[in-house]
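Colleague: The residues making up each chain are set out below.
There are 2 protein chains.
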Amino acid sequence: MIKFPENKQSQTESKKVKFGQIPLVYPIPIVLAGALVDGKPNFEELGDVAVMGINPAIICISSGKDHHTNKGILKHETFSINFPTTEMMAVTDYCGVVSGKNIDKSVLFDAFYGELETAPMITDCPVNLECKVIKEFSIQHRQIFVAEVIQAYVNNEFVTEVDGRKKIADLTKLDPIIYALDNKYYKIGEPIGQGYHECGEYKKKYGPHKKE
Amino acid sequence: MIKFPENKQSQTESKKVKFGQIPLVYPIPIVLAGALVDGKPNFEELGDVAVMGINPAIICISSGKDHHTNKGILKHETFSINFPTTEMMAVTDYCGVVSGKNIDKSVLFDAFYGELETAPMITDCPVNLECKVIKEFSIQHRQIFVAEVIQAYVNNEFVTEVDGRKKIADLTKLDPIIYALDNKYYKIGEPIGQGYHECGEYKKKYGPHKKE
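Line by line, the protein sequences give chains E and W. For the first sequence, position 116 matches number 116 in the working numbering, and the numbering has no gaps at all. For the second sequence, position 90 matches number 90 in the working numbering, and the numbering has no gaps at all.
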């Protein structure tokens, strides 16, 4: 039973529909996770990825235990995260449909390696993260890998210099593939604001700059 | 040193710029994580959230150890994830700028509670996830909470019935706030494809429907 504060119960109760136990997080970033499996680069389409820390740079991914990619990640304790553009939607989707157990996905991409030497990265993806596993655990049929980003690579056409500092292009140029649990892919939309700078009115009203 | 296969080294080397150890995952979903702290609902703006499993429904979040919200999550082992629309950008941004230690954020939103009774959810957010912590660990200054989604709530104006089944509106209607490490907020763009259905040409060429 849903409990509501005071007399708002009926109002809220009629407003909300229960959908049960679904992990309805959105939007979902679409990436290609790369690993070296039996000596060959393999890539799987993945949405279950997130930043877990900035300093140190930590990310985590979740991948089905029986996935071919996991075999390489467990062996080398390294993997890559590659961000395709919407132009790469067909090949990205393909990497989510077929398994490296049956199909040699190494022919689909030009790959390069960084200092870890066992995390194949996709040259044509504008951004690649080279990752080293620091923690691994399982929940039912999933393996969750927490990893440190050892190096981030950006294609030079997406890099500009502003006041002598290298800057990465914004999302409208990186043109990522976005996913949601309605099983649709989406493009990114336009920028609408700046982090930590959109709350002037609230600061004025509620603090910390309240002057009453 | 970057190693490349065969003679592609110079070509790739000149194409990629190293940005060091940054967790450049994009796009980042912007949510409000809710917890009951000292008897009051508190909400923090968070981007470090992802799906970790579908069945069971598992998500994870990462939140700075000293954050006020963590206190409530650790006490009750419950929290909520609330998805604001772009119309809520100012108040969402505010929840990322000020701490519940100094500002009473319970006055900012109408909150309701589900069966866990200790995970306050924001009525005006189109989607709310009520979560129970199943695993917690720390990496340096971050606390990472892995949680099961006990119930997903969707505002009824975003729910339609198709063939007798309840369906949730797509992202263009849910209108999420999206973030990236360039510190900008973005809108979602238009749908461009359907998951697992965009790779016909690749299937034909590389299998599993190869007919050679």
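Source of the hints: derived by calculation from the structure; they are not laboratory data. Since the model is a prediction, treat every value here as computed from it, not as a measurement. One or more hints might be untrue.
Claimed, not checked - Partial selection, computed: residues in chain E whose CB lies under 7 Å from chain W:
hint : residue
1    : Leu24
2    : Tyr26
3    : Val133
As the list claims (entries may be wrong) - Between beta-carbon pairs, the in silico distance windows are:
hint : chain 1 : residue 1 : chain 2 : residue 2 : range
4    : E       : Asp124    : W       : Glu157    : 27 to 33 Å
5    : E       : Glu115    : W       : Ile134    : 33 to 39 Å
6    : W       : Glu190    : E       : Val17     : 37 to 43 Å
7    : W       : Glu115    : E       : Gly207    : 31 to 37 Å
8    : E       : Tyr196    : W       : Glu190    : 24 to 30 Å
9    : W       : Leu74     : E       : Tyr196    : 40 to 46 Å
10   : W       : Ser99     : E       : Lys18     : 27 to 33 Å
11   : W       : Asp104    : E       : Gly200    : 36 to 42 Å
12   : E       : Gly39     : W       : Val107    : 32 to 38 Å
13   : E       : Gly39     : W       : Gly207    : 42 to 48 Å
Glycine included, each C-beta is placed from N, C-alpha and C at the ideal position.
Colleague: Quick check: which numbered hints come out false for this structure?
Modeller: 3, 4, 6, 9, 11, 12, 13
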